[in-house]
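Trainee: Once you have looked at the hints, place chain D on chain U.
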Amino acid sequence: MSAAIEFRNLFVATQQGRLLLDGISLAFDEGTTTAILGRSGSGKTTLLRTVNRMVEAASGDVLVNGRSVRDTDLIALRRGIGYVIQESGLFPHFTVERNVGLVLEAEGHPRAERIERSHTLLKTVGLDPASFAHRYPHQLSGGQRQRVGVARALAAEPNVLLMDEPFGALDPLTRAEMQEMMRDLMTRMGKTVVLVTHDLDEALYLADRIVLLSSGKVIADLAPDAFMQSTVPEVQAYLHAFHRGADQPAHGRKE
Amino acid sequence: MSSSFLQQNGATILSLTIEHLWLTAAAMLFATAIAVPVGVWLTRSPAWARPIIGIANILQTIPSLAMFGFLLPLPWLGDRAARIAIVALTAYALLPILRNTYAGIRGIDPAVMDVAQAMGLTGTQRLFKVELPLAASFILAGLRTATVTCIGIATIAAAVGAGGLGELIFRGVASVDNRLVLAGAIPAAGLALIADAALGLLERRLRVPER
Chain U
901 MSAAIEFRNL FVATQQGRLL LDGISLAFDE GTTTAILGRS GSGKTTLLRT
951 VNRMVEAASG DVLVNGRSVR DTDLIALRRG IGYVIQESGL FPHFTVERNV
1001 GLVLEAEGHP RAERIERSHT LLKTVGLDPA SFAHRYPHQL SGGQRQRVGV
1051 ARALAAEPNV LLMDEPFGAL DPLTRAEMQE MMRDLMTRMG KTVVLVTHDL
1101 DEALYLADRI VLLSSGKVIA DLAPDAFMQS TVPEVQAYLH AFHRGADQPA
1151 HGRKE
Chain D
135 MSSSFLQQNG ATILSLTIEH LWLTAAAMLF ATAIAVPVGV WLTRSPAWAR
185 PIIGIANILQ TIPSLAMFGF LLPLPWLGDR AARIAIVALT AYALLPILRN
235 TYAGIRGIDP AVMDVAQAMG LTGTQRLFKV ELPLAASFIL AGLRTATVTC
285 IGIATIAAAV GAGGLGELIF RGVASVDNRL VLAGAIPAAG LALIADAALG
335 LLERRLRVPE R
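In order, the protein sequences belong to chains U and D.
Under this note's numbering, the first residue of the first sequence carries the number 901, and numbering increases by one thereafter.
Under this note's numbering, the first residue of the second sequence carries the number 135, and numbering increases by one thereafter.
It should be emphasised that the hints constitute simulated quantities derived from the structure, not laboratory data.
All C-beta atoms, glycine included, are put in the ideal place defined by N, C-alpha and C.
You may find that some hints are simply not true.
[Claimed, not checked] Part of the chain D face toward chain U, derived, beta carbon under 10 Å:
1) D243
2) V246
3) D248
4) V249
5) Q251
6) T256
7) Q259
8) L261
9) V264
10) L268
11) A270
12) V342
[As the list claims (entries may be wrong)] Not the full set, but computed from the structure, chain D residues with beta-carbon under 10 Å of chain U:
13) P244
14) A250
15) A252
16) G254
17) P267
For reference, chain U alone in the conformation it holds in the complex (with noise of 0.2 Å):
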């Protein structure tokens, strides 16, 4: 297996020079689901930002494919990863089906052939095309909106699927069927995956691998079951901090 996604002494800083990521160097192989965790601000939107480069890197590089990607033409690189966002992101102007054909309508392919594809990711995301495909977004559920976000991501079939905390404003019942959803989706298609993600339950339900980043720098790179039985501090702080509504079950879980 290669690297679909590999991050080399990757540095990133804001325009009044703080360090935002500190000499991250990972590899993701292909086909595998990433989850990366942290608390706000530790810069994991930030690495997921740099492979499409929506963030730019100081200094090291970040390779797609096994091509950097200041190497690849910026569009091109963009189009064939797709990209899923908590917010959904949806063009509330479109119906559905257009939302979900943008990329292919953005490249040029006939109007028949998109329609064809976006009824068909429709299908895959769990939506009936004959009833939502020409809806507008406002006239769907949270979880629908996030449905169709995740079809538009898929249409130019990327190998590469960016996911910044896709399901974070969901309530648990809706969240749920997603992450079972998208385990389904993933095993499926073999896609390499990027999710950045506040909920550590997700990581370990949807994840091969779980990276866990503070201040911009990588504080563990294991698989969910090493990850869970980390002697490393700051994995023990996280899991401790994550769990602890679990262990005083009068006082219930805060969401």
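Mentor: Structure of chain D alone, referenced to chain U:
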């Protein structure tokens, strides 16, 4: 107003109304052709937004009679009164269109713009498929404000001989004939109301439903 008055002046009122509309429409066309691209450019270079919108703001504060007066001695413009009127009206129409284009595009949900960029839309595709459609109702609202304002200001263009319904008003004032004043003022007000309603309807149709 007696029917004999209308019989006598009906044709004049009609032709002056058409002239009035023509002056305003030409100015709107020029103002839109200038202000929308400039507004788009400002969203790319926001550092310029304050000074440029400031200039449009200052233009807006020049009293209209003075504006027509300033333009009168200019070489090419002074030859034809209609040119003066159109240039002056264009200047007044710039601010609302410019400001709304800028604000309309800047106000688009950042998540939408983020995805548009991340999914590999080119700058042109983002502008025409995402930004302009999403800002369209704002831009139109600016155009509507500009149109209503300019229909009013265009009545003053008659002071430099540019014609339009102001001509009847000025004649009426000079000859102390209220019927003439009303013959100019009522159609001008009617035009403004109709333009406001029609553009308002279009604006609502272009509005994109939020979530």
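Trainee: It remains to establish, for every hint, whether it holds in the given structure.
Mentor: Here is what the structure says about each hint:
1. With a least beta-carbon distance of about 7 Å to chain U, the hint placing D243(D) at the interface is held under the 10 Å criterion.
2. Hint status for V246(D) relative to chain U: holds, with the closest Cβ pair at about 5 Å, below 10 Å.
3. For D248(D), the interface hint holds, the least distance from its beta-carbon to any beta-carbon of chain U being 6 Å, beneath 10 Å.
4. Among the interface hints, the one on V249(D) holds; its C-beta lies about 3 Å from the nearest C-beta in chain U, closer than the 10 Å criterion.
5. Annotation: interface hint on Q251(D) holds; nearest CB of chain U at approximately 7 Å, less than 10 Å.
6. At a threshold of 10 Å, the smallest CB-CB gap from T256(D) to chain U is about 6 Å, leaving the interface hint in force.
7. Because the beta carbon of Q259(D) sits about 5 Å from the nearest beta carbon in chain U, less than 10 Å, this interface hint is met.
8. At about 13 Å, the closest approach between the beta carbon of L261(D) and any beta carbon in chain U exceeds 10 Å, and the interface hint on this residue is violated.
9. Hint on V264(D) holds. Least Cβ distance to chain U is approximately 6 Å, under the 10 Å limit.
10. The closest approach between the C-beta of L268(D) and any C-beta of chain U is roughly 6 Å, which is under the 10 Å cut-off, so the hint is satisfied.
11. Annotation: A270(D) was flagged as interfacial toward chain U, and the flag holds, the nearest CB pair being 9 Å apart, inside 10 Å.
12. Contact between V342(D) and chain U, as hinted, is supported at the beta carbon level, the nearest pair being about 5 Å apart and thus within 10 Å.
13. Interface restraint check: P244(D) against chain U, minimum CB-CB distance 9 Å, threshold 10 Å, status holds.
14. Using the Cβ-Cβ criterion of 10 Å, the hint placing A250(D) at the interface with chain U is satisfied: the shortest such distance is roughly 8 Å.
15. Hint status for A252(D): holds, given a least beta-carbon distance of 4 Å to chain U, under 10 Å.
16. For the restraint placing G254(D) at the interface with chain U, the shortest Cβ-Cβ distance is roughly 3 Å, inside the 10 Å limit, so the hint holds.
17. Proximity of P267(D) to chain U holds as hinted, the smallest CB-CB distance being about 5 Å (cut-off 10 Å).
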